[in-house]
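Student: The listed protein sequences derive, respectively, from chains A, B and C.
Read in this note's numbering, the first sequence has 314 at position 314, and its numbers run on one by one without any break.
Read in this note's numbering, the second sequence has 76 at position 76, and its numbers run on one by one without any break.
Read in this note's numbering, the third sequence has 5 at position 5, and its numbers run on one by one without any break.
Simulated from the structure, these hints should not be mistaken for lab results.
Heads up, some of the hints might be wrong.
[To be verified] One-sided excerpt, in silico: chain A residues whose CB lies under 8 Å from chain B:
no., residue
1, 41
2, 68
3, 71
4, 73
5, 76
6, 188
7, 204
8, 321
9, 322
10, 324
11, 325
[What the hints assert, rightly or not] Derived list of chain A stretches under chain C, where covered just means 3 residues or more per stretch with a C-beta under 8 Å from a C-beta of chain C:
no., region
12, 86-99
13, 277-285
Where a beta carbon is used, it is the ideal one built from N, C-alpha and C, also for glycine.
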Amino acid sequence: MRSGEHAGDGAPAPPPVSATRPVLVALAVLVVVTLAATAIGPADLSLATVARVVAGHVGLHLPGRVSAIDQAIVWQIRLPRVVLGGLVGAMLALGGASYQGVFRNPLADPYLLGVAAGAGLGATIAIVSASRATYLLPLAAFAGGVVAVSLTYLVGARANGYATSASIILAGVAVAAVFTALQTNIQQQHAADLQPVYSWILGSLSVATWSDVRLIVPYVALSTVVLLGHRRLLDVLRVGEEEATSLGVDPRRVRLTVVAAATLGTAAAVSVSGLVGFVGIIVPHVVRLTTNASYRVVLPVSLISGASFLILADLGARMLDAPAEIPLGVVTAFIGGPFFIFVLRSRRSRQGTL
Amino acid sequence: MRALRVALASAVATVGLALATSAGGAGARPAWPVTVRAANGAITIAHQPTRIMSLSPTATEMLYAIGAGSQVTAVDKYSNYPAGTPRTSLDGYSLNAEAVARYRPDLIILAYDPPALAAQLATLHIPVIYDPAAPTLAVAYHQYLGLGEATGHLAGARAEVARLRVRVAAIVRTAPHVPAGTTYYYELDPTYYTVTSATFVGQLLSMLGLHSIADAGGTHVSGGYPQLTAESILQANPSIILLADHGCCQATPASVAARPGWSALSAVAAGRIYVVSDSLASRWGPRVTLLLQAVASDLRRAFG
Amino acid sequence: MSALELRGLAVSYDGVAALCGIDYALAPGTWLGLIGANGAGKSTLLRALVRLVAYQGTVRVGGAEVARLSRRRLAQQVAFVPQTPELPREMRAIDYVALGRTPYLGYFAAERPADRRVGHELLARLGLDALAERPVGALSGGEVQRLVLARALAQEAPVLLLDEPTSALDLGRRVEALELVDQLRAERGLTVVAAMHDLTLAGQFATEVALLDHGRLVRTGTPDAVLTDAELGRYFGASVRVLRDDDGDLVVVPRRQRGGPS
Ligand SMILES: Nc1ncnc2c1ncn2[C@@H]1O[C@H](COP(=O)(O)OP(=O)(O)O)[C@@H](O)[C@H]1O
Ligand SMILES: [Mg+2]
Chain A
1 MRSGEHAGDG APAPPPVSAT RPVLVALAVL VVVTLAATAI GPADLSLATV ARVVAGHVGL
61 HLPGRVSAID QAIVWQIRLP RVVLGGLVGA MLALGGASYQ GVFRNPLADP YLLGVAAGAG
121 LGATIAIVSA SRATYLLPLA AFAGGVVAVS LTYLVGARAN GYATSASIIL AGVAVAAVFT
181 ALQTNIQQQH AADLQPVYSW ILGSLSVATW SDVRLIVPYV ALSTVVLLGH RRLLDVLRVG
241 EEEATSLGVD PRRVRLTVVA AATLGTAAAV SVSGLVGFVG IIVPHVVRLT TNASYRVVLP
301 VSLISGASFL ILADLGARML DAPAEIPLGV VTAFIGGPFF IFVLRSRRSR QGTL
Chain B
1 MRALRVALAS AVATVGLALA TSAGGAGARP AWPVTVRAAN GAITIAHQPT RIMSLSPTAT
61 EMLYAIGAGS QVTAVDKYSN YPAGTPRTSL DGYSLNAEAV ARYRPDLIIL AYDPPALAAQ
121 LATLHIPVIY DPAAPTLAVA YHQYLGLGEA TGHLAGARAE VARLRVRVAA IVRTAPHVPA
181 GTTYYYELDP TYYTVTSATF VGQLLSMLGL HSIADAGGTH VSGGYPQLTA ESILQANPSI
241 ILLADHGCCQ ATPASVAARP GWSALSAVAA GRIYVVSDSL ASRWGPRVTL LLQAVASDLR
301 RAFG
Chain C
1 MSALELRGLA VSYDGVAALC GIDYALAPGT WLGLIGANGA GKSTLLRALV RLVAYQGTVR
61 VGGAEVARLS RRRLAQQVAF VPQTPELPRE MRAIDYVALG RTPYLGYFAA ERPADRRVGH
121 ELLARLGLDA LAERPVGALS GGEVQRLVLA RALAQEAPVL LLDEPTSALD LGRRVEALEL
181 VDQLRAERGL TVVAAMHDLT LAGQFATEVA LLDHGRLVRT GTPDAVLTDA ELGRYFGASV
241 RVLRDDDGDL VVVPRRQRGG PS
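Model the full assembly from the supplied sequences, consistent with the hints where possible.
Tutor: In structure tokens:
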């Protein structure tokens with residue numbers, strides 16, 4: 001009866017859902033995008049200059065001199081921005097894919113459960129009450145996001161004794177509405193302080209530094225490990241709560257763990273980037289449509305492609321109106337929207353269905 | 001339209017003449033009603049207002065400067081200058097016609113027109129003058145005259161405009177000569193929003209011979225208030241940095257110097273980073289001279 | 001030792017009893033056909049056995065008390081095929097079958113080659129090997145039925161629960177599907193508990209039948225003993241006639257009541 005007894009007979013089994021190829025392709029794209037975003041910027045530095053600076057920081061020494069300003073531009077301004085964009089994009093896309101899996105709803109996104117609304121409220125409170133301490137903003141946004149999601153979970157679970165996907169999503173919508181209302185109200189009372197709140201809501205990597213990178217790396221790393229660890233369980237959940245339960249999985253435990261991990265990572269990401277929309281829905285969808293619906297593929301490929309997507313979008317934010325900046329959220333919507341429609345349409349005409 | 005303007009001009013001339021003949025005495029009364037032009041069109045005011053409500057901190061400063069202060073009975077919560085204004089908890093950005101009407105004003109001045117508020121107030125038959133942020137000194141002077149006429153203080157308004165013209169000219173004349181091509185980065189907030197030379201502040205700074213580093217992208221980009229990339233600020237390497245975000249966001253010369261990569265800037269190395277009072281910098285009233293004066297003395301320290 | 005043993009099993013939904021006082025013991029290798037009118041409690045009983053509903057009383061599988069087993073251990077002991085399984089339409093057939101290996105994998109673990117092999121062999125055994133790479137959504141009703149069965153078999157559990165396994169199939173496929181279950185039962189020594197609404201098929205495949213009525217077990221025994229005109233007429237509220245076909249198999253046919261219901 002045990003699997004061992006069957007070893008050796010029959011044709012070789014088809015390989016398990018393989019993420020290798022899509023992951024390699026996505027990695028190749030990420031490398032190209034990262035190199036491009038490092039080489040290109042509103043300060044038109046030569047490739048040689050950029051290469052010299054980067055090489056100098058990884059222990060190589062290329063001949064030639066670089067001015068202090070160019071040094072600073074490449075190493076202190078441009079690179080942290082590229083790296084932070086990659087981390088934030090990876091986290092938002094992975095978080096989005098995970099929420100979609102756990103709620104079995106393709107429109108679920110990192111903001112659905114109130115993460116955005118909570119983070120927005122936290123940021124607003126920080127800005128209006130302790131405007132002298134801008135360093136509090138990420139912390140406050142993070143705390144707000146976590147509080148909102150916890151509340152969503154409590155409310156969703158109380159509604160009928162235990163939490164179902166639908167009750168949690170509904171609770172999320174309600175909590176988000178209340179938090180957004182509170183935030184709008186506070187904003188109205190402090191009209192003079194609006195500007196920082198608005199720019200945070202639009203999302204931006206304009207002030208990215210290595211310390212932002214250091215700030216979020218632990219959360220993103222932890223969240224990524226936990227979420228990727230759940231990739232097969234998310235596939236099991238695709239047969240529904242009851243059948244997953246009869247397969248020995250506790251769907252509530254999976255959901256709680258995945259939601260906690262995705263929220264932690266997402267809240268950390270938006271605390272430094274502001275509310276960058278679209279990544280969490282667009283990237284996993286495109287990945288699903290172009291590769292495979294299995295979370296064993298969708299999660300890792302979304303992670304990598306999310307990084308590429310946001311690095312590219314931020315390159316657009318820096319370059320399209322140089323030397324001025326375009327809000328990142330605007331760029332992601334502008335690139336993401338049409339690209340999404342394109343993929344959706346070409347896929348549909350090929351398959352006749354979604 | 002043209003006929004109206006001509007009529008207006010002649011009205012102004014008549015009033016001016018009347019004021020001139022009565023030597024600006026307190027007893028001088030223009031013939032009411034008067035019609036003034038503001039951003040919301042021509043406004044007719046039937047009687048000299050005695051219950052003015054200013055929901056614009058700049059207009060409040062202007063009204064007091066031209067001698068209409070005693071007619072002002074309510075101002076918004078940001079109207080903190082001059083001291084002793086009748087401040088209320090009203091916020092010019094979020095208003096409701098009823099809350100405004102409660103004060104029974106006979107003239108309302110707005111710098112921000114919330115959707116439909118002016119129309120609502122019109123149904124209450126309260127005249128509203130809408131004087132939004134002035135893009136140039138000339139427009140600010142024009143607003144002065146309009147307020148003077150509307151409140152019965154045209155002479156005071158004329159005198160104030162004349163004082164400002166003289167004072168601005170004097171500051172510009174005595175300001176240190178900056179080297180040709182001196183550039184500035186004027187920080188509105190810590191995410192690098194700034195001004196181009198096309199803005200009100202930008203024009204004041206142009207008078208002192210300074211150029212905004214944001215002009216490179218076109219002076220009218222983003223309404224003159226673009227958000228720059230850190231990279232382009234570094235590459236532009238401005239001669240001086242002016243911080244208008246000390247009040248809002250605690251930016252200081254030290255905190256700017258400590259930003260990663262910014263130590264490479266020559267303004268940082270030479271210590272040419274100065275704090276500009278945001279409450280001065282965001283208003284276009286009587287205290288523009290203080291702003292101009294402050295920057296002029298910063299320049300003296302920088303290049304003197 | 002019994003493969004499955006129920007003692008005083010009771011389930012209630014919001015205080016309303018759906019099952020009460022069920023006592024039953026099943027020897028390994030038997031096929032128990034659960035019969036009863038709609039709403040009698042057949043599904044509830046099956047769901048209680050895999051702890052999808054809370055119950056009172058004791059349930060033992062292979063001697064172990066179900067309530068004390070972890071979900072994983074329970075899934076290694078009892079496999080459950082619901083009446084209308086939720087199908088992930090884009091999932092490949094082979095990946096779907098391999099989900100049955102979940103109870104043998106660690107929380108974060110991936111499938112091992114041995115797990116894939118189990119899935120593949122089951123597909124071959126159930127005549128689906130040509131469809132391994134097909135998405136589940138592109139399979140016919142009969143193929144899906146076999147696929148779901150394959151997933152349950154991949155759990156390699158000694159007890160297999162089926163809730164009305166043939167209700168979605170046309171006449172020809174029904175017998176085929178039950179025949180397959182019967183063969184697998186014989187090959188693997190499975191104990192099968194199936195809720196069956198087709199009494200003829202219950203009579204032909206089950207080794208024992210249990211008749212449920214309003215949550216109570218009212219008759220148990222061999223099909224011959226339970227499936228009689230009198231019993232069925234009483235508990236199904238309809239007039240039926242139990243016949244024997246040429247091979248001596250039971251055939252249950254409903255009879256129209258002339259003159260209409262009184
Ligand atoms: N989730 C539920 N909540 C409340 N009552 C239920 C639920 N499921 C089943 N019932 C009730 O329990 C009884 C038994 O149902 P069920 O086990 O589905 O019967 P069967 O499968 O024999 O048709 C019925 O009266 C049904 O209405
Ligand atoms: Mg049923």
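Student: If a hint holds in the structure, say so; if it does not, say that too.
Tutor: Comparing the hints with the structure gives:
The beta carbon of residue 41 of chain A is positioned within 8 Å of a beta carbon in chain B (closest approach about 5 Å), and the interface hint is therefore held. With a cut of 8 Å, the hint placing residue 68 of chain A at the interface with chain B holds, because the nearest CB-to-CB distance is about 4 Å. With a cut of 8 Å, the hint placing residue 71 of chain A at the interface with chain B holds, because the nearest CB-to-CB distance is about 7 Å. Because the smallest distance between the Cβ of residue 73 of chain A and any Cβ of chain B comes to about 5 Å, under 8 Å, the interface hint for this residue holds.
For residue 76 of chain A, the shortest C-beta to C-beta distance to chain B is roughly 3 Å, which falls under 8 Å, so the interface hint holds. With 8 Å as the threshold, the beta carbon of residue 188 of chain A comes within range of chain B, its nearest partner Cβ sitting at about 5 Å, so the hint holds. Of the supplied interface hints, the one on residue 204 of chain A holds, with its beta-carbon coming within about 6 Å of a beta-carbon of chain B, less than 8 Å. Checking residue 321 of chain A against chain B by beta carbon gives a least distance of about 7 Å; that is within 8 Å, so the hint holds.
A distance limit of 8 Å between C-beta atoms decides the matter here; for residue 322 of chain A the minimum to chain B is near 6 Å, and the interface restraint holds. Because the smallest distance between the Cβ of residue 324 of chain A and any Cβ of chain B comes to about 4 Å, under 8 Å, the interface hint for this residue holds. Nearest Cβ of chain B to the Cβ of residue 325 of chain A: about 4 Å, under the 8 Å cut. The hint holds. For the region 86-99 of chain A, the stated coverage by chain C is not satisfied: 0 residues place a CB nearer than 8 Å to a CB of that chain, which falls below the threshold of 3.
Closer than 8 Å: that is the beta-carbon criterion, and the region 277-285 of chain A has 0 residues meeting it against chain C, so the requirement of 3 is violated.
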